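Please take these sequences and the hints and turn them into a complete structure.
So the protein lines, in turn, are chains A and B.
So the first sequence is residues 0 to 818, counted in numbering that gives the first Met the number 0.
So the second sequence is residues 0 to 116, counted in numbering that gives the first Met the number 0.
You may find that some hints are simply not true.
As the list claims (entries may be wrong) - With a straight-line Cα cutoff of 25 angstroms, these simulated DMTMM-like cross-link-like pairs (lysine to aspartate or glutamate) come out: (1) A/K765 - A/D780; (2) A/K562 - A/D541; (3) A/K519 - B/E79; (4) A/K611 - B/D30; (5) A/K562 - B/D87; (6) A/K665 - A/D780; (7) A/K80 - A/E763; (8) A/K754 - A/D715; (9) A/K360 - A/D394; (10) A/K611 - B/D47; (11) A/K149 - A/E102; (12) A/K526 - B/E79; (13) A/K562 - B/E88; (14) A/K612 - B/E88; (15) A/K801 - B/D16; (16) A/K58 - A/D172; (17) A/K765 - A/E689; (18) A/K526 - B/D30; (19) A/K519 - B/D41; (20) A/K803 - B/D40; (21) A/K803 - B/D47; (22) A/K502 - A/E517; (23) A/K591 - A/D563; (24) A/K611 - A/E796; (25) A/K612 - B/E8; (26) A/K562 - B/D41; (27) A/K801 - B/D17; (28) A/K360 - A/E372; (29) A/K519 - B/D17.
To be verified - From the structure, some residues in chain B lie toward chain A, with a derived Cβ separation under 10 angstroms: (30) I10; (31) I33; (32) V35; (33) P51; (34) G54; (35) G55; (36) L71; (37) V75.
Since the hints were made in silico from the structure, they are not lab data.
Values in this document were obtained by computation on a predicted structure and should not be read as measured data.
Idealized CB from N, CA, C, for every residue including glycine.
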Amino acid sequence: MPEKVTEKLVIIGNGMAPGRMLEHLLEAAPEHYRVTIFNAEPRVNYDRIMLSPVLSGEKSFEEIVIHGDGWYIANGITLYKGHRIVAIDREAGTVTSDQGTVESYDKLVIATGSVPFVIPVPGKNLPGVITYRDLDDVNAMLLAAQSRQKAVVIGGGLLGLEAAAGLKERGMDVTVLHVMPTLMERQLDPAAGYLLQKAVEARGINIMTKANTKEIFGTAKVEGVELADGTIIPASLVVMAVGIRPNAGLAKDAGLVVNRGIVTDAGMQTSDPNIFAIGECAEVGGNVYGLVAPLYEMARVTAARLAGDSQPCFVHSDTPTKLKVTGIDLYSLGDFADGDDREEIILRDATAGIYKRLVLKDNRIIGTVLFGETGDGPWFNDLKKKETDIAAMRDTLIFGQAFQGGGAADPLSAVAALADDAEICGCNGVCKGKITGAIQSKGLTSLDDVRTHTKASASCGTCTGLVEKLMQLALGESYNPAAIQPMCSCTTLGHDEVRRLIKAKGIKTIPAVMQELEWKTSCGCAKCRPALNYYLVADWPDQYADDYQSRFVNERVHANIQKDGTYSVVPRMWGGMTSSKELRAIADVVDKFAIPAVKVTGGQRIDMLGVKKEDLPAVWSDLGKAGFVSGHAYAKGLRTVKTCVGTDWCRFGTQDSTGLGIRIEKFMWGSWTPAKVKMGVSGCPRNCAEATCKDVGVICVDSGYEIHFAGAAGLDIKGTEILGSVRTEDEALEVIVALVQMYREQGRYLERIYKWAKRIGIDEIKRQVISDLTRRGDYFDRFVFSQRFAQVDPWSERVSGKDKHEFRPMAVAALEPAE
Amino acid sequence: MNAMTINVEWIEIGTLDDIPQRGARCVTTRDGRIAVFRTHDDRVFALDNLCPHRGGPLSEGIVHGASVTCPLHNWVLSLETGQALGADEGSVRTIAVIMDGCRISLALSPPSPMAAE
Numbered sequence: 000m001p002e003k004v005t006e007k008l009v010i011i012g013n014g015m016a017p018g019r020m021l022e023h024l025l026e027a028a029p030e031h032y033r034v035t036i037f038n039a040e041p042r043v044n045y046d047r048i049m050l051s052p053v054l055s056g057e058k059s060f061e062e063i064v065i066h067g068d069g070w071y072i073a074n075g076i077t078l079y080k081g082h083r084i085v086a087i088d089r090e091a092g093t094v095t096s097d098q099g100t101v102e103s104y105d106k107l108v109i110a111t112g113s114v115p116f117v118i119p120v121p122g123k124n125l126p127g128v129i130t131y132r133d134l135d136d137v138n139a140m141l142l143a144a145q146s147r148q149k150a151v152v153i154g155g156g157l158l159g160l161e162a163a164a165g166l167k168e169r170g171m172d173v174t175v176l177h178v179m180p181t182l183m184e185r186q187l188d189p190a191a192g193y194l195l196q197k198a199v200e201a202r203g204i205n206i207m208t209k210a211n212t213k214e215i216f217g218t219a220k221v222e223g224v225e226l227a228d229g230t231i232i233p234a235s236l237v238v239m240a241v242g243i244r245p246n247a248g249l250a251k252d253a254g255l256v257v258n259r260g261i262v263t264d265a266g267m268q269t270s271d272p273n274i275f276a277i278g279e280c281a282e283v284g285g286n287v288y289g290l291v292a293p294l295y296e297m298a299r300v301t302a303a304r305l306a307g308d309s310q311p312c313f314v315h316s317d318t319p320t321k322l323k324v325t326g327i328d329l330y331s332l333g334d335f336a337d338g339d340d341r342e343e344i345i346l347r348d349a350t351a352g353i354y355k356r357l358v359l360k361d362n363r364i365i366g367t368v369l370f371g372e373t374g375d376g377p378w379f380n381d382l383k384k385k386e387t388d389i390a391a392m393r394d395t396l397i398f399g400q401a402f403q404g405g406g407a408a409d410p411l412s413a414v415a416a417l418a419d420d421a422e423i424c425g426c427n428g429v430c431k432g433k434i435t436g437a438i439q440s441k442g443l444t445s446l447d448d449v450r451t452h453t454k455a456s457a458s459c460g461t462c463t464g465l466v467e468k469l470m471q472l473a474l475g476e477s478y479n480p481a482a483i484q485p486m487c488s489c490t491t492l493g494h495d496e497v498r499r500l501i502k503a504k505g506i507k508t509i510p511a512v513m514q515e516l517e518w519k520t521s522c523g524c525a526k527c528r529p530a531l532n533y534y535l536v537a538d539w540p541d542q543y544a545d546d547y548q549s550r551f552v553n554e555r556v557h558a559n560i561q562k563d564g565t566y567s568v569v570p571r572m573w574g575g576m577t578s579s580k581e582l583r584a585i586a587d588v589v590d591k592f593a594i595p596a597v598k599v600t601g602g603q604r605i606d607m608l609g610v611k612k613e614d615l616p617a618v619w620s621d622l623g624k625a626g627f628v629s630g631h632a633y634a635k636g637l638r639t640v641k642t643c644v645g646t647d648w649c650r651f652g653t654q655d656s657t658g659l660g661i662r663i664e665k666f667m668w669g670s671w672t673p674a675k676v677k678m679g680v681s682g683c684p685r686n687c688a689e690a691t692c693k694d695v696g697v698i699c700v701d702s703g704y705e706i707h708f709a710g711a712a713g714l715d716i717k718g719t720e721i722l723g724s725v726r727t728e729d730e731a732l733e734v735i736v737a738l739v740q741m742y743r744e745q746g747r748y749l750e751r752i753y754k755w756a757k758r759i760g761i762d763e764i765k766r767q768v769i770s771d772l773t774r775r776g777d778y779f780d781r782f783v784f785s786q787r788f789a790q791v792d793p794w795s796e797r798v799s800g801k802d803k804h805e806f807r808p809m810a811v812a813a814l815e816p817a818e
Numbered sequence: 000m001n002a003m004t005i006n007v008e009w010i011e012i013g014t015l016d017d018i019p020q021r022g023a024r025c026v027t028t029r030d031g032r033i034a035v036f037r038t039h040d041d042r043v044f045a046l047d048n049l050c051p052h053r054g055g056p057l058s059e060g061i062v063h064g065a066s067v068t069c070p071l072h073n074w075v076l077s078l079e080t081g082q083a084l085g086a087d088e089g090s091v092r093t094i095a096v097i098m099d100g101c102r103i104s105l106a107l108s109p110p111s112p113m114a115a116e
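Okay, here's the thing in structure tokens:
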């Protein structure tokens with residue numbers, strides 16, 4: 000290691016390879032460099048191979064972020080988001096971004112990745128024709144999928160099939176066009192390609208092979224695709240997924256040696272000793288790479304070189320290919336072309352849809368194709384890597400590890416039998432010994448822990464099962480693979496998965512949720528039904544018909560049940576303001592129905608306790624005549640907005656806090672939320688409305704409004720966090736509404752805002768509702784849309800006769816009337 | 000219920016349509032209120048409208064499968080046996096039900112059938 004110096008390291012590109020490189024570098028030489036990253040995408044580093052699960056709805060973007068904003072801050076790294084580097088000046092040692100930023104470097108790492116290949120046909124630039132490369136592409140596809148119309152995917156390789164499966168999951172009618180006779184011909188032999196086609200077609204996706212695209216047509220936007228043979232396929236979305244090529248233009252312009260990619264030596268150094276290239280843009284040993292394992296290997300080598308170690312070299316190794324389409328198991332590795340010097344072993348089981356093929360040379364495995372059952376993939380890979388002579392087990396080799404002498408019959412002992420240096424995670428090159436070692440030495444107990452410490456299963460996730468088996472072996476009974484807390488005993492799914500799947504699959508009724516998500520009970524229970532009812536109300540405000548029988552009694556009868564079976568009734572008093580007329584009406588109702596108790600609540604309104612259930616409609620009717628509506632004191636929804644008197648009366652008031660409180664309450668009443676939402680608006684920092692322990696609070700100051708959230712004053716006591724400051728009342732309202740809508744969309748049922756915020760992260764919430772104005776606007780619009788269906792006063796609805804049966808006995812079977 | 004068969008009278012209380020699916024209605028009797036439940040698969044059960052825990056009105060609970068969750072403290076009671084399920088212990092009286100087509104009758108102690116509602 001050189002002495003401690005600070006050099007400037009600039010990285011162009013913020014994909015998975017440079018992200019991993021920085022992790023290694025920070026570990027090896029934490030103080031050596033001042034690091035600056037330019038990311039052409041306007042976001043942090045995320046797991047690009049998990050974009051397909053985001054498209055299909057099995058994961059959210061937040062779940063695939065590798066390094067959040069906090070990571071860059073904590074490590075003192077400057078990240079320029081949305082800056083594309085347009086020039087490298089090697090003489091001066093500087094780079095320049097499209098936004099004019101110039102940064103000097105001592106060492107430069109080029110990680111510009113690849114660009115999707117666009118086939119040069121007429122119409123390739125029409126709106127509605129997109130490639131599949133980054134999150135923006137996924138978002139464009141999701142938007143197009145809302146139309147539920149026809150989509151064409153050009154390209155039947157890994158990406159194309161994943162895109163097709165995702166779009167199909169999102170409700171589109173999808174056709175895949177593939178120019179070759181069988182799918183994924185580069186990774187699969189024709190037999191496996193055929194089985195794959197059958198499996199994909201069974202999901203309702205049309206496949207056309209030998210399909211040569213002649214033209215994409217449409218006037219203002221894409222309308223369809225015409226093939227060379229004249230076939231016309233209508234489509235409102237065309238996704239090109241025909242391949243990628245290294246993005247080496249910038250390096251070429253800078254005069255670096257470029258062949259297919261940016262040419263480097265085994266130490267990932269380019270023709271300029273101060274410049275390295277890693278990732279899909281690099282060409283090392285004459286090869287370019289697109290799978291994550293070799294890219295991570297490049298990252299490891301480069302980090303070591305930057306830290307001053309000149310030993311590590313990049314070594315080529317074959318990487319298995321896996322398709323990330325749920326329910327289709329496919330594994331291919333190495334070389335499987337026919338040849339005179341090669342032999343093969345094949346197993347076919349047509350009924351079970353299984354095909355396995357091993358290609359051998361000199362009694363050693365050189366290629367593997369597995370379809371339908373891929374559990375033995377890592378074992379075959381291990382044999383191939385170690386060039387094990389398989390002559391002795393040749394007759395049973397194809398049946399897998401379990402059939403070998405001394406081998407084991409069940410999957411757990413098969414994993415137990417693996418050698419310590421057997422590779423478990425191909426993406427990250429993690430072997431069994433490293434995982435079991437980390438579990439023991441660091442006392443790891445959860446899958447997330449293992450991912451954090453070893454990276455095993457942290458990228459594409461297909462080896463998660465293997466890692467879990469290792470944890471089971473190491474920890475025994477104490478390890479529970481279902482680390483996710485299920486919603487209730489009716490399902491194994493957690494709240495987040497259920498919410499995500501409801502959206503992804505477009506499920507719109509409770510019975511459909513239970514059918515699609517394989518509920519274990521006939522009609523749920525008192526835990527899951529109200530939760531599902533909320534999720535459906537929140538997600539499909541205009542389409543979902545509220546399920547009365549899945550509401551807790553309070554929300555069914557719009558009052559709070561008391562210990563003796565009577566109810567308490569709380570009318571809304573906007574912002575805590577009332578009048579003599581209102582108070583008189585309340586007094587009259589109390590007298591007329593002999594209501595035994597009247598109390599002022601903590602939310603600045605009046606509670607009438609001890610009302611008999613059958614009296615409720617008449618009580619509401621009388622209150623309604625005086626202008627009262629339901630206060631939703633019973634609801635998992637907006638409760639109160641507590642205010643102080645502000646500039647109207649108070650000598651310290653800085654803004655019209657009462658007015659703002661009333662405005663918020665009138666805007667937001669009636670909305671359903673995961674748990675109750677209580678707000679407060681104080682007119683100055685003396686905070687008489689106690690806004691800093693509310694779910695959402697506002698502190699007015701001279702310069703505007705300080706918006707607070709995530710306070711608690713119940714089971715837990717917690718001061719609020721500051722969300723941000725705004726200048727105008729309009730802005731304050733918009734931010735608050737956006738915040739609540741975000742919570743409505745992401746919160747788990749019965750999870751208060753402060754718990755949700757802790758789970759999501761304060762910074763992330765700030766990012767979405769303060770910094771990102773587009774997103775804030777979208778949240779706001781969705782809330783407003785939902786309110787069109789939610790702002791109905793339930794009391795007047797019931798007074799006018801809705802569900803009358805609720806308040807009457809079904810029959811009276813007694814000599815004397817009991818009540 | 001066998002214990003109920005001595006000296007009971009079958010009293011018609013209404014039809015299946017009077018009770019929402021996965022819901023309940025109350026019948027007022029001399030001996031207090033009875034909760035009549037209709038499950039998702041249209042089976043009908045009757046229990047005293049009184050949770051064995053703190054007397055909560057079971058007719059106000061959420062009905063799921065052949066059980067109901069009390070609205071006061073979430074005890075779960077079997078509609079078939081009246082027994083508390085899960086970790087809780089206790090039971091509530093069940094009342095025999097006869098269905099004649101859609102018409103529902105309960106086995107009540109005599110006398111005096113009265114009109115519905």
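Quick rundown of the hints versus the structure:
1. Straight-line distance between C-alpha atoms of A/K765 and A/D780 comes to about 18 angstroms, which keeps the hinted pair within the 25 angstroms bound.
2. Taken as a hint, the A/K562 and A/D541 pair is broken in the structure, with Cα atoms around 36 angstroms apart against an allowance of 25 angstroms.
3. About 20 angstroms separates the Cα atoms of A/K519 and B/E79, which keeps this hinted pair within 25 angstroms; it holds.
4. A threshold of 25 angstroms between alpha carbons decides the hint, and for A/K611 with B/D30 the separation of about 19 angstroms falls inside it, so the pair holds.
5. Between A/K562 and B/D87, the direct Cα distance comes to roughly 19 angstroms. Compliance with the 25 angstroms bound is thereby established for this hinted pair.
6. At roughly 16 angstroms between alpha-carbon atoms, A/K665 and A/D780 fall within 25 angstroms of each other, so this suggested pair holds.
7. Restraint check for A/K80 and A/E763: satisfied, since their Cα atoms lie roughly 16 angstroms apart, inside the 25 angstroms limit.
8. At roughly 10 angstroms between alpha-carbon atoms, A/K754 and A/D715 fall within 25 angstroms of each other, so this suggested pair holds.
9. Simply put, A/K360 and A/D394 have alpha-carbon atoms about 16 angstroms apart, close enough for the 25 angstroms limit, and the pair holds.
10. Distance restraint check for A/K611 and B/D47: the Cα-Cα separation of roughly 19 angstroms lies within the 25 angstroms cut-off, and the hinted pair is therefore satisfied.
11. The hinted pair formed by A/K149 and A/E102 fails the criterion: a straight-line CA distance of about 46 angstroms is larger than 25 angstroms.
12. In summary, the hint linking A/K526 to B/E79 is supported, as the alpha carbons are separated by about 21 angstroms, within the 25 angstroms threshold.
13. With a CA separation close to 20 angstroms, the supplied pair A/K562 and B/E88 stays within the 25 angstroms bound.
14. Our distance criterion of 25 angstroms between C-alpha atoms is broken by A/K612 and B/E88, whose separation comes to about 29 angstroms.
15. Of the supplied pair hints, the one linking A/K801 and B/D16 holds, its CA atoms being roughly 16 angstroms apart against a limit of 25 angstroms.
16. The straight-line distance between the Cα atoms of A/K58 and A/D172 is roughly 22 angstroms, inside the 25 angstroms bound, and the hint therefore holds.
17. Only pairs whose Cα atoms come within 25 angstroms are accepted, and A/K765 paired with A/E689 is accepted, the gap being roughly 22 angstroms.
18. Taken as a hint, the A/K526 and B/D30 pair is broken in the structure, with Cα atoms around 32 angstroms apart against an allowance of 25 angstroms.
19. At most 25 angstroms may separate the alpha-carbon atoms for a hinted pair to count; A/K519 and B/D41 meet this at roughly 20 angstroms.
20. Distance hint between A/K803 and B/D40 is fulfilled; the C-alpha atoms sit about 23 angstroms from each other, no more than 25 angstroms.
21. With a CA separation close to 23 angstroms, the supplied pair A/K803 and B/D47 stays within the 25 angstroms bound.
22. Proposed proximity of A/K502 and A/E517 is supported: the alpha carbons are some 16 angstroms apart, at most 25 angstroms.
23. Between A/K591 and A/D563 the CA atoms are separated by roughly 21 angstroms; this keeps the pair inside 25 angstroms, and the hint holds.
24. Pair hint A/K611 plus A/E796 holds up; C-alpha atoms about 19 angstroms apart against a cutoff of 25 angstroms.
25. Among the hinted pairs, A/K612 with B/E8 is inconsistent with the structure: their alpha-carbon atoms are about 29 angstroms apart, more than 25 angstroms.
26. About 30 angstroms separates the Cα atoms of A/K562 and B/D41, which puts this hinted pair outside 25 angstroms; it is violated.
27. Distance restraint check for A/K801 and B/D17: the Cα-Cα separation of roughly 15 angstroms lies within the 25 angstroms cut-off, and the hinted pair is therefore satisfied.
28. Simply put, A/K360 and A/E372 have alpha-carbon atoms about 23 angstroms apart, close enough for the 25 angstroms limit, and the pair holds.
29. For the given pair, A/K519 sits about 29 angstroms from B/D17 by alpha-carbon distance, which is inconsistent with the 25 angstroms threshold.
30. Below 10 angstroms, beta-carbon pairs count as interface contacts, and B/I10 has one with chain A at about 5 angstroms; its hint therefore holds.
31. Against a cut-off of 10 angstroms between C-beta atoms, the interface hint on B/I33 holds, since the closest Cβ of chain A lies about 8 angstroms away.
32. Annotation: interface hint on B/V35 holds; nearest CB of chain A at approximately 6 angstroms, less than 10 angstroms.
33. A distance limit of 10 angstroms between C-beta atoms decides the matter here; for B/P51 the minimum to chain A is near 15 angstroms, and the interface restraint is violated.
34. Because the smallest distance between the Cβ of B/G54 and any Cβ of chain A comes to about 8 angstroms, under 10 angstroms, the interface hint for this residue holds.
35. Evaluation of the B/G55 hint against chain A yields a held restraint, the C-beta minimum of about 7 angstroms falling below 10 angstroms.
36. The interface hint given for B/L71 is met, as the beta carbon of that residue sits about 7 angstroms from the closest beta carbon of chain A, less than 10 angstroms.
37. The beta carbon of B/V75 is positioned within 10 angstroms of a beta carbon in chain A (closest approach about 7 angstroms), and the interface hint is therefore held.
Taken one by one, the earlier hints fail for this structure at numbers 2, 11, 14, 18, 25, 26, 29 and 33, listed in ascending order.
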